[in-house]
Amino acid sequence: LSDAVRVRVAPTRARLEWPVSARLIALSILVLLSFVAAVRIGAVSMSLHTLFEAIAGRGDPAMVTIVRELRLPRAFQAALVGAALAVSGATFQALLRNPLAEPYILGVSSGAAAGAVFTVVTGLAVRMVWSLPIAAFAGAVLSMLLVFRIAFSVGRALDTRVLLLAGVVVSAFLVALIWLVLAFADTESVRSAIFWMMGSNANASWRSVSILVSCLVPAFIILLALARPLNLLAIGESTAAYLGTSVERTKLVAFGTATLLTAASVAMSGTIGFVGLVVPHAVRILWGSDNRSLLPCSALAGAAFLVAADTLARSIAGANELPIGIVTALVGVPCFVWLLRRPTGAIA
Amino acid sequence: MVGALGIYGCLASIACGAGEHRPPAASASAIQITDDAGIVVHLDRPAERIISLIPSATETLIALGATQQIAGRTRYDAAPEVAKIPSVGGGIDPSVEAIVALRPDLVLAWANDKRQAIREKLVSLQIPVFILRTEDTTDIFRGIANIGRLSGRDSAARATAAWMRASLDSIRSSVAALPRRKMMYVEFPDPPMTAGPHTFIGQIISLAGGNSVFADNTNLWPNVSMEEIVRRDPDLLVVPVGEFKQNTLERFRQMPGWRDLRAVKQGHVAAVPADLVSRPSPSIVESARVLRNAIHPEAAR
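Chains as they are written, first to last, in the numbering used here: chain A, -12 to 335; chain B, 965 to 1265.
Honestly, I wouldn't trust all of these hints.
[Unchecked claim] FRET-style restraints, in silico, Cβ to Cβ: (1) 142(A) with 1179(B): 51 to 61 Å; (2) 1122(B) with 317(A): 49 to 59 Å; (3) 1152(B) with 225(A): 53 to 63 Å; (4) 160(A) with 1199(B): 40 to 50 Å; (5) 1218(B) with 181(A): 26 to 36 Å; (6) 12(A) with 993(B): 53 to 63 Å; (7) 208(A) with 1067(B): 38 to 48 Å; (8) 115(A) with 1050(B): 27 to 37 Å; (9) 181(A) with 1002(B): 20 to 30 Å; (10) 170(A) with 1153(B): 11 to 21 Å; (11) 305(A) with 1155(B): 32 to 42 Å; (12) 994(B) with 317(A): 43 to 53 Å; (13) 170(A) with 1122(B): 35 to 45 Å; (14) 1029(B) with 160(A): 51 to 61 Å.
[As the list claims (entries may be wrong)] Heads up, simulated SDA-like pairs for lysine to any residue below, C-alpha to C-alpha not over 25 Å straight-line: (15) 1048(B) with 307(A); (16) 1048(B) with 33(A); (17) 1048(B) with 28(A); (18) 1048(B) with 50(A); (19) 1048(B) with 303(A).
Worth flagging that the hints you see were computed from the coordinates, not collected in a lab. All values derive from a computational prediction rather than experimental measurement. Ideal Cβ positions, reconstructed from N, Cα and C, are used throughout, including at glycine.
Take these sequences, add in the hints, and give me the full structure.
Quick look at the structure:
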């Protein structure tokens, strides 16, 4: 079982022996609390009374707009992106049997960034606003296809080590391409591109939320359905095959779905680091690496974490918004270290 | 020469523009202007609550006497007149929430954001956005005329433009008899970057009697190599500096590459206030005077 152990960061750590339903209820409450904070807190402060009025669509039209058109869609987008990155990260960690795996490891973010930079530098993004997320999504999917093409050209079955290396080199190539283009671009394009690459949910709207829902919900369902085969894969590919899993198909569907999850979220909010790496690990430390619990728990924890981080990013410095990636790392790292160093009680 | 042409060209266009764009007779106060992104912006009446996401547009509003109509600004605005007006964050990453809360009837935004995300967002919330380009002097004069019309201060805008033209003319004639000085504007020393001939700074330098050694580079803000600077051997370096950077000459005497330049060895390094020369607003008149005094100290009165 050495492979399975390697997936866990701290296999001897004490686990909270909660039933899965209790975990999900606790995390749902956390998501709810983060939403309350997200609609309550912002650059503009308002009383609870004004807030309820605004949610109901009454009172000051400016406050109604702020709550219903700015804060709510933004909270939903952050939740969806956080859930997508966390689930995608958990899937990659299980598939690659590597604790350093994260949603961007196969070059998805570099592909998306290449697409986005292309529309910024050519001025396409100025003429057609939706060209940027579409190009980012297309770039992500194309880079994924390229990575898989390379991985499949080596050996007969999909070797995850080759896949990992293909992801790293394709990513490095795309990053070099991006900086090559930016080296010849004007200052404004460079600044716009860098702002995009830092990631933000500032452009969330009900339209972007509904697009995300229609992409992410089917992907979540597919990955949840693959939870048991993923558990078997974590033990080892040959063992999984003996136990009746069609290894190659599971890997392909899981990789593809997790990559699409990442691509959709990167297209809408740029690259937001750290969530996809650390949220699954945090859930694993608390409750173990059974994917049937890990995947839904990671989704809820990722959602709550990113909604809270986004709320901090847009409120902590008044009207000056911080890039959300700064907040996810600055707040997330100490929390994660605390989880790692938690005193061990009864060893599970 | 380029600067002179640019300014005359735009004055001509303002003169035409004033005739063409009279408000329609049906509603005397309605305003309809095409912004610098090519989009027609419609206002029912001159804007009363303007949020300026461009510090130079804020300066223009102040110069036109419209300070009372400024409802919001960015954190980069330095003018004391707007110190008490709330900030909405940065120019290309403002807090949309703070903008909405100020109930603006017009937002002035930069053409420089290549993503157009802010415009899309604000327009979807029924807040009119007017995009301004601020690269050359033509943009500056067109911007002053447009801001004048949007804020209902047409005549102040015309008077300001006329005063600017007269002042710039007198600065140009003060150096007309002097030899043009071979110089370089050092926007950034490492990696070296200068102002191209099509930027308002490049045009003002030309008007103020300077001859940039990189006047042949048509990029707006060209990155240039140290080797090429040495080869073109400027007589004078003009360096924009912030308030914290003391003794510019000493810094250049220590910087590799720069310290071997003839202009630096001879001590021909002139510092100009970065805040002033980087603002594409009516303050280009003051900026032209400062640059003229740096390039031709003998012409300073």
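Taking the hints in turn, this is what the structure says about them:
As the Cβ distance of residue 142(A) to residue 1179(B) is approximately 60 Å, the hint placing it in 51 to 61 Å holds. A hinted range of 49 to 59 Å for the beta carbons of residue 1122(B) and residue 317(A) is consistent with their spacing of about 52 Å. Remark: the range hint 53 to 63 Å for residue 1152(B) to residue 225(A) is upheld by a beta-carbon distance near 59 Å. One distance hint, 40 to 50 Å for the beta-carbon pair residue 160(A) and residue 1199(B), holds here, with the actual separation near 46 Å.
Between residue 1218(B) and residue 181(A) the beta carbon distance is about 30 Å. The supplied range of 26 to 36 Å therefore holds. Between residue 12(A) and residue 993(B) the C-beta distance comes to about 59 Å, which sits within the given range of 53 to 63 Å. For residue 208(A) and residue 1067(B), the hinted distance range of 38 to 48 Å is satisfied, since their beta carbons lie about 43 Å from each other. Restraint check, residue 115(A) to residue 1050(B): a C-beta distance of roughly 33 Å satisfies the suggested window 27 to 37 Å.
At roughly 26 Å, the beta carbons of residue 181(A) and residue 1002(B) sit within the given window of 20 to 30 Å. At roughly 19 Å, the beta carbons of residue 170(A) and residue 1153(B) sit within the given window of 11 to 21 Å. Between residue 305(A) and residue 1155(B) the Cβ separation comes to about 34 Å, which falls inside the hinted range of 32 to 42 Å. At roughly 50 Å, the beta-carbon separation of residue 994(B) and residue 317(A) lies within the given 43 to 53 Å, and the hint holds.
At about 43 Å, the beta-carbon gap between residue 170(A) and residue 1122(B) stays in the expected band of 35 to 45 Å. Checked against the hint of 51 to 61 Å, the pair residue 1029(B) and residue 160(A) passes, with Cβ atoms roughly 56 Å apart. Using a Cα cut-off of 25 Å, the hinted pair residue 1048(B) and residue 307(A) holds, with the two alpha carbons roughly 17 Å apart. Straight-line distance between C-alpha atoms of residue 1048(B) and residue 33(A) comes to about 21 Å, which keeps the hinted pair within the 25 Å bound.
Using a Cα cut-off of 25 Å, the hinted pair residue 1048(B) and residue 28(A) holds, with the two alpha carbons roughly 24 Å apart. Of the pairs offered as hints, the one joining residue 1048(B) and residue 50(A) holds, with about 23 Å between alpha carbons and a cut-off of 25 Å not exceeded. The suggested pairing of residue 1048(B) with residue 303(A) holds, with an alpha-carbon distance near 21 Å, which does not exceed 25 Å.
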